[in-house]
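Using the hints provided, position chain B relative to the given structure of chain A.
Chains A and B, in that order, are what the protein sequence lines are.
So the first sequence is numbered by this note's numbering: it starts at 25 and just counts up by one.
So the second sequence is numbered by this note's numbering: it starts at 2 and just counts up by one.
Hints listed in this document are in silico derivations from the structure and should not be mistaken for laboratory results.
All C-beta atoms, glycine included, are put in the ideal place defined by N, C-alpha and C.
Hints are all accurate, no fakes.
According to the in silico footprint, chain A covers these stretches of chain B (three or more CB under 8 Å from chain A): (1) 14-25; (2) 56-62; (3) 120-130; (4) 151-165.
No farther apart than 27 Å at their CA atoms in a straight line, the calculated lysine-lysine pairs in the DSS-like style are these: (5) B:LYS123 <-> A:LYS137; (6) A:LYS134 <-> B:LYS123; (7) B:LYS123 <-> A:LYS399.
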Amino acid sequence: MFLPDTTEIPRALAEAMASEHTSYKSTKRFLKELPTKGSRVVVEPGENAGIVDLGGGWGLAMRIESHNHPSFIRPYSGAASGVGGILRDIFTMGARPIALLDILRFGTNKNAKRLLQEVVRGISDYGNCIGVPVVGGDLYTDATYDHNCLVNVAAFGLVRIKDIVYGRAETVGSDLIYVGARTGRDGVGGAQMASATLNILDESAIQEADPYLEKLLLEACLELMGTGWLEGMQDMGAAGLLCSTAEVVMRGRALTGRNLGACVYLDKVPTKASRMSPIEMLLSESQERMMIVGRREHRAKILNVFKRWDLETRVIGSVTNDGRYTIRYPGAHGKTVTLPMQFDEIFPDLDEEWPLTSWQKQGGVHKKAARTETKDIWHQYDWSVGTRTVKGPNEPGHYAILDIPEIKKEVVIAWSSDEGRSDTSPAQGVEHAFDTCLARLHALKATPLGITNCLNFGHPKDSMGAFADTTRALAARARKYKVPIVSGNVSLYNAHKNHSIKSTPVIVMVGVR
Amino acid sequence: MTERKKRIRALVVRFPGSNCDFDTLRFFRRFGHEAEFLWYKERSIPRVDLVVLPGGFAFGDRVYARATDAYAINPGVQALQTPIMGVLRTYAKRGGAILGICNGFQILVHAGLLPGTLVRNKSGNFFCDIVSCKVTGQSFFGDVRLAGKTIGIPVAHGYGRYLLAARERAKLERENRIFLRYAQENPNGSDDGIAGVVNESGTIFGMMPHPERSRDAGVFMRAIEKYVLA
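With the rest of the complex left out, here is chain A (with noise of 0.2 Å):
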């Protein structure tokens, strides 16, 4: 392993960038063999969501986000910032969010249900402000969960297809520029929580969320599409500042094959702690922060956008054409710490061997919840703004329709887990939810567009071999029908000193008619 210097900086940054959750290190070489490709294609896995074409020029954005370590430590917060983070996601992609789905899985325990109650406060608070109708979900409960409740949330969004951002920096000279909430400790190691099993964790690691603040972030970030000043946009998401500015220079390198890198002046970045260390300012994952890559000439007018939604904004840095990735620390303690551009090779996929032909089976009885449950839940959510419900959570199945009245057609959403059969048969579990979904999909006369799954399993020793088996069963299904997987998101570690979770594989498909 090559590191340019031995001080705190890099070592720290190395541990961040090649945590589980960032560089999915030990589910790669499986989520390879998923289809992407289709001729309804728009924007395959990679990019913050996936897009499929609806017809008429317009594209639907899509991408589904688990927060479950949040939510079971800090059930309202963990929950509230996974929407806020699956919302970004979206609009990041320049696509107007218009329907969220939410998957519960809960134990069964008495502290299940206040997490449940704190979760959907959670989720109702974030997702009501923001004005983004929550159309759809489910409830199960069973004691694999007791320990690991699962809180997966879908966001879809609709976009000109010729609108489309990416999180790309292709130019030498463009801003590096800050907007959003200030950066403060919150979040700070949040990226390898999410690789940890749950008895070791700390409160601090999770994020507050602010819905008001996101609502401004989407607006503005919306008015820019179609202007031609930017050049692209990235969520600080995991691993905040230093992976997002490292993100859009590494997929613009792919992208032009010019040798770019990034400076970043840490002292221009706006902070809500006092004293705060490089190494904490690079990782927070504070919420609400958008890292915009700027077209230089465009800047007065791009800073102007933001101030009239009252944000904050900072240029805190550019690219440049040194292949380097610079830090600088001004001031009386200052110093320069300059990594190469490709991280890959700082930090090698660790390939980890786990048992990959058993895996560890749970029994136990998973139940729906009840109708008169699920209603209590629904209420607390606005599952009409927009105008566009068609089917929404008031009527049973699980689907929703949307109106797309810009192009005279509906959106078809159906989504789909099987835990019970997922534990004794990973393949057929994964089958089934797709078969479902697919049926449903046909029997609304909607043409499938494309997938987007959460693969909730255990600990890799308990349940790698699980996972293997349903990439490989869902890739097949992906084949043989010809629906592409345009985006999905793996929690893996969902489980608790001895025990993991039964294997949670969500699937959610969407169609068009």
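Chain B alone, transformed into the frame defined by chain A:
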């Protein structure tokens, strides 16, 4: 010769955090009317038929000095200090028509342009569903064809409980100014199931349910058309 319908010119006030802004714009446009946004920092209003304060969370339901600073929750209050509210008061004094929906209703009540108060739902929770409402009193925009009808209208709010002192309530009742009531389920614990009220001169309407989201949006638009174009 075909008779061309006269078009309504409406303005939809846009505060940061208004999230039914686009829905309300579309509500007018899909019935062939003209509707534009009116930014909350504007200091004048062009000549129009109707101004709508849409639903949502103006300023995030918060009262604050700066968007990133500390805040208190009180829906509708922060909007009162904005330039547009000063302009709206003058417009209202001259008899201009205003419709406040949900958060817009909250703002009108705080501004004193409509009586009563709107507080946290009795359940303590946000509530969203299609709720059966009965058109009462002088009706929505005075449309007698609607009076007595029961219509399913979506509601979605956390602070929709309408409270009014008994004497004031009797006065409103007498003057037929309660134009909408929850017909069966009272989703927020409002006094007398009140869902919408109008001011004394019959020009300013406020309601918690969302006509723009209703499957019967057309009947509400016809009432507005009749009122504006009379």
